[in-house]
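Asker: Chain residues, written in single-letter form:
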Amino acid sequence: MSSSGLEELEKEITDNVQRCWKCRMCVAMCPTYEGWFTQSTAGRLMAINLYIKHGLGSEEELSTMLYACTTCRRCQERCRMLSTDCRPADTILKARQYLVKRAELREGKEP
Amino acid sequence: MGGSKSIIGDLKRLVGRENASDSIFERISYGQDAAQPDLEPDKIPVAVVKPQSAQGVSEVLKYANTNKIPVYIHGAGTAFKGSPKPKRPGSILLSTQALTSIEAHEEDMYYELGAGVNLYELEKLLLSRGYLLPMTIGSKFSSTIGGAVSINTIGHMVDICLGKIIDYVMGVEVVLPNGDIIETGTRSIRRPAGLDYTRFFVGAEGLFGVITKIRLRLIADRNKAHIVGFFPELTDIAHAFQRYYREKLPPPLYGEVLDKVAAQAPFKLRGLGEPKGHMALAITISYTQEEADRQANEMVRVFKGENAIDAFVAKSKKEQRDYWDARDNILNILQASEGDERLVMAGALEASVPLSHLDHALEYIQTGHDYSALKGAKLFIYGHIGTCDLHGMWVAPVSMPQAERMRIAKEAIHLEGDVNIMWGCASGEVGQTASRMPFFKRRYGMAAHRMLMNVKRAIDPNNILNTGNLEGEGYE
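Going line by line, the protein sequences match chains C and P. For the first sequence, the tail end lands on 111 under this note's numbering, and the numbers increase by one without skipping. For the second sequence, the tail end lands on 476 under this note's numbering, and the numbers increase by one without skipping.
Where hints are given, some of them may not hold.
Stated by the list, open to error - In silico lysine to aspartate or glutamate, EDC-like type, Cα no more than 20 Å apart, as pairs: (1) 53(C) <-> 42(P); (2) 62(P) <-> 10(P); (3) 318(P) <-> 34(C); (4) 22(C) <-> 40(P); (5) 94(C) <-> 77(C); (6) 11(C) <-> 341(P); (7) 12(P) <-> 107(C); (8) 53(C) <-> 404(P); (9) 5(P) <-> 61(C); (10) 22(C) <-> 328(P); (11) 53(C) <-> 40(P); (12) 124(P) <-> 112(P); (13) 268(P) <-> 328(P); (14) 268(P) <-> 77(C).
Everything labelled a hint here was simulated from the structure, so no lab data went into it.
Just chain C, same shape as in the assembly (with noise of 0.2 Å):
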């Protein structure tokens, strides 16, 4: 993918997170919400965002907390039904292609 590609990815994630009100419906049925908002899918997508377009926090962590993630789509059906349908758990799934894709840029591996 070459970066113009990350971007499009960039774009395509962010927009989707945008669309996410905030409404936190999705953070206590998270099977893997303990008690930190950073469990739960809300949490995620806002590390996300605030990793993407304001460039905070540590890759590892973002990383840490998105492979906690058990791509149930419990969320996902929720968000549909009573909200706004921002797909979190497909916008999460692109978040690790995203990581990977920017640790293969950095390293060399895209043609």
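Based on the hints, put chain P in the right spot on chain C.
Answerer: Frame of chain C, contents of chain P only:
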């Protein structure tokens, strides 16, 4: 006082390492609410703490008071008028979400609830025991009883049917800014006469203390009937509720409105087809099903008498749930678009009006004002028309520049103030401080604001709790 490293170290000692965090992701996630704009970088709290007991809250407040550190109080963080967002640098964000104790005292008609008890879980528990939770909050899947009580809201319900949540709060446990833990109220269904300082804290939005426990009076569940109506004009729905009350019929538990365009996406999602018009929903309640049905039939009669295209009592559980969910899950309306034209909320209004001006207010919100950015944006109208509380949501494509969206947001706040001022009201669902303080000063005057500031100084001399909210900082 040392820097942020010293503060986080001290807090970890006070509440336990696992109950305090200085992760940038946690600090910003908690520092945000559902409101725009995003948290300003210099206002990011230095730490988030989640004490596991009232004693833990007390330790944090004693520490903050001694060191004059601002503390912002969170339930679940679902507010969207800016109140729980930090306004001053170097603050601590204190969440009461871990206080989830539930003590049942059904023999004395109350439950004692930790402030962090989730509203959805509480509603399920109460229903399973034959009781009704006297509030319906749109964010109930996430929000807490402590947050709702601290702003004295019943959400979508009609105030004159069951009362406000204060009418069900027999007492609270509160941690004062100096760390003292006090109890208010009574364990009897006989409320205290005279000074009942429960009222200092219910609806105070965390300005005077941190509510850690709530004694909630129980109310037996009632029989319900669901009414659905479709109207050619929104003002027809206003006229229907005006007529219903003029005829001295019993107030319904809910009286809702959803405009036709807004209804399209939620209807499609639930297979309800195209809305026949602007939708009105009502739920009547009574001790007997016969009486609830009688009131529902009266409501249908009134709807039809006020120009309804269709009005009926929804009989099947599925039909009742689908129409209710279409209205209740209002964020579904933002699903009505794709790609670059995806819609996001740009501005929001919540204004209450006198019953006789419901129709005028609906017209004014749509076309009566002179705010150009609002007129250029798409408006969805919904709300709790049976309790004279109207919402407007102005939406914009996700591609709209942030500055233009901000202009819509600001104009919506101004319009909300204008509507409330025009007819002498004050909204009624979400809290009054922070973003609404400029309105508060216009509505009640500087003398009223000074009085509140003096009360705040008397109870919180170092001004550590939700600092800047009463001052209206960030929303001047």
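Asker: Against this structure, judge whether each hint is valid.
Answerer: Hints, verified against the model:
no.: 1; hint: 53(C) <-> 42(P); result: holds, 17 Å
no.: 2; hint: 62(P) <-> 10(P); result: holds, 12 Å
no.: 3; hint: 318(P) <-> 34(C); result: violated, 34 Å
no.: 4; hint: 22(C) <-> 40(P); result: holds, 17 Å
no.: 5; hint: 94(C) <-> 77(C); result: holds, 17 Å
no.: 6; hint: 11(C) <-> 341(P); result: holds, 14 Å
no.: 7; hint: 12(P) <-> 107(C); result: violated, 39 Å
no.: 8; hint: 53(C) <-> 404(P); result: holds, 19 Å
no.: 9; hint: 5(P) <-> 61(C); result: holds, 19 Å
no.: 10; hint: 22(C) <-> 328(P); result: holds, 17 Å
no.: 11; hint: 53(C) <-> 40(P); result: holds, 14 Å
no.: 12; hint: 124(P) <-> 112(P); result: holds, 16 Å
no.: 13; hint: 268(P) <-> 328(P); result: holds, 15 Å
no.: 14; hint: 268(P) <-> 77(C); result: holds, 16 Å
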